[in-house]
Amino acid sequence: MTYTLLARCPKTGEVGIGIATYSICVGLYCNGLRGNVGAAMTQAFVNQGNNTLALNLLAQGFSPAHVLDELKANDPDAEYRQIAIIGHDGQAVGYSGAKTRAWSGHVVGDGYVSMGNVLAGKHVVEAMARAYEAASAESFDRRLLGAIEAGRDAGGQVGNEGHLTERSAAVRVFGEHDHAELDLRVDLHDRAVDELRRAFEEYELYRGYYRDRGKDPRNAISQAEFVARLARKEAAQ
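Note that our numbering gives residue 208 to position 208 of the sequence shown, counting from 1, and the numbers run on in steps of one.
Please note that a few of the clues may not be correct.
[As the list claims (entries may be wrong)] Label-pair restraints from in silico Cβ distances:
1. L28 <-> P217: 27 to 33 Å
2. Q91 <-> E176: 16 to 22 Å
3. N56 <-> D183: 19 to 25 Å
[Claimed, not checked] Calculated cross-link-like contacts (lysine-lysine; reagent style DSS-like; alpha-carbon spacing at most 27 Å):
4. K11 <-> K215
5. K72 <-> K99
6. K122 <-> K99
7. K233 <-> K215
8. K72 <-> K122
These are computed hints drawn from the structure, not numbers from a lab.
Keep in mind the model is a prediction, meaning the values are calculated, not measured.
Built from N, CA and C at the ideal position, the CB exists for glycine as well.
Using the sequences and the hints given, assemble the complete structure.
See the structure below:
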């Protein structure tokens, strides 16, 4: 009961994930991102160890297709998993196990995988793929967030008793550093994708300030003053 867009940005080389689900705390399980190496995500019936193993194999130079074969061979319950893997050069592969819950499937595009399970239908992952491709002029993180919004708007998750709301969501991006370039998550909310958008837009206002005060702490203004300046700017608009 999850839908995901895993991708590598062809402009920046960053790797990232946009994900939304009825399950809670989904950001905890998005540990398969490593700058200059690639990205991996296992969902449906989660096996977090897959993500770490995939990154380690990618770092050794194995192709995403080979890594996927290794993950399946190493997991007796592979048919319950849904997996996406992207290499440092944008090669992408996807897998939807036969025992993941319907509708389950994926679309592989140029440098990305759109996948999901317990969805309203294939059109959900197709809508995510279209949204991601159509937003090529936007920043990578906005493309990821826009993709999961498109998945939600296309019908999102549908279980045996009808539509399932998104209770957690996350956008994570890694680049050339060991730390994340962006790590935003909503762990429990009845409109998690909307709440993630709200947090994203608010953080965008602070992003440059947080970066600059770390680079030049001696001349950085206080956060209280920064907030006051934001308020004055908004009032003047």
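Holds or violated: 16 to 22 Å for the Cβ distance of Q91 and E176? 19 Å, holds
Hinted pair K72 and K122, Cα distance within 27 Å: 23 Å, holds
Keeping to a limit of 27 Å between CA atoms, is the pair of K233 and K215 held or broken? 24 Å, holds
Holds or violated: are the alpha carbons of K122 and K99 at most 27 Å from each other? At roughly 17 Å apart (the allowed maximum being 27 Å), K99 and K122 satisfy the hint.
For K11 and K215, compute the direct alpha-carbon distance and say whether it is at most 27 Å. Judged against 27 Å, a Cα distance of about 25 Å means the pair holds.
Against the 27 Å threshold, does the CA-CA distance of K72 and K99 hold or violate the hint? 13 Å, holds
Consistency of beta-carbon spacing, P217 to L28, with hint 27 to 33 Å: 31 Å, holds
19 to 25 Å was suggested as the range; check whether the CB atoms of N56 and D183 agree with it. With a Cβ separation near 21 Å, N56 and D183 satisfy 19 to 25 Å, so the hint holds.
Hint violations for this structure: none, all hints satisfied.
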